[in-house]
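From first to last, the protein sequence lines stand for chains L and C. What the first sequence shows, in my numbering, is residues 904 to 1018, in sequence order. What the second sequence shows, in my numbering, is residues 172 to 282, in sequence order.
A couple of the hints might just be wrong.
[Claimed, not checked] Pairs of lysine to any residue residues, derived as SDA-like cross-links and limited to a Cα-Cα distance of at most 20 Å, are as follows:
1. K1013(L) x G269(C)
2. K1013(L) x E266(C)
3. K981(L) x D1001(L)
4. K236(C) x Q1005(L)
5. K228(C) x D1001(L)
6. K958(L) x T270(C)
7. K1013(L) x R966(L)
8. K958(L) x E266(C)
9. K973(L) x G269(C)
No lab work stands behind these hints, which were simulated from the structure alone. Keep in mind it's a predicted model, so treat the numbers as computed, not measured.
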Amino acid sequence: AQTVTQSQPEMSVQEAETVTLSCTYDTSESDYYLFWYKQPPSRQMILVIRQEAYKQQNATENRFSVNFQKAAKSFSLKISDSQLGDAAMYFCAYIGMDSNYQLIWGAGTKLIIKP
Amino acid sequence: EAQVTQNPRYLITVTGKKLTVTCSQNMNHEYMSWYRQDPGLGLRQIYYSMNVEVTDKGDVPEGYKVSRKEKRNFPLILESPSPNQTSLYFCASREDPGTQYFGPGTRLLVL
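Starting from the given sequences, assemble the full structure and let the hints guide the process.
Structure, rendered in structure tokens:
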């Protein structure tokens, strides 16, 4: 079965520093999508960034970027210049034909920002 | 503004009293789904719909019903709620198979 693993239940970073959240996944497919979602204390689910597996270039959205290693099945999220508003749960998710195009979610990483 | 709306946002009810949580999207998405989120268990899919009149069970469908009579609406029905259905519920829609957009969530407490 497809799985998405986030091995860090909790991470903390000093404000203005850089932090990387890890995500690995299991699939036999070559074409799929990967996502990072953020869930702040308001509990709203917010898309942070997405990556199409066929694209070799790593996705970037302002201070957020990914390191997509297709062969290693790794999809880490880097947050640069961390801000207090980045404090949230971060979920990694996968979707592909082998998941019947249903999102497979990681367990989440709680990110704490220290002022 | 593109959005997914859910109502009510908060609901306290008693065991056995039927309730419906509405979900509506204005993005003309064919795909919609319902999730519940519980501490330590992450997001679990309840039901999903690939299009009008097409629905299918997710990972935790027991105790829930859905219908998809129109593309924009996908209500979640609890015919006889029980305390173990106390949870945070999310409706979502997406362009297939792309980015999923979530509603604001519905906090349900069943006494």
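Hint-by-hint comparison with the structure:
{"no.": "1", "hint": "K1013(L) x G269(C)", "verdict": "violated (25 Å)"}
{"no.": "2", "hint": "K1013(L) x E266(C)", "verdict": "violated (28 Å)"}
{"no.": "3", "hint": "K981(L) x D1001(L)", "verdict": "violated (27 Å)"}
{"no.": "4", "hint": "K236(C) x Q1005(L)", "verdict": "holds (19 Å)"}
{"no.": "5", "hint": "K228(C) x D1001(L)", "verdict": "holds (17 Å)"}
{"no.": "6", "hint": "K958(L) x T270(C)", "verdict": "holds (16 Å)"}
{"no.": "7", "hint": "K1013(L) x R966(L)", "verdict": "holds (18 Å)"}
{"no.": "8", "hint": "K958(L) x E266(C)", "verdict": "holds (19 Å)"}
{"no.": "9", "hint": "K973(L) x G269(C)", "verdict": "holds (19 Å)"}
When held up to the earlier numbered hints, the structure conflicts with 1, 2 and 3 and fits the remainder.
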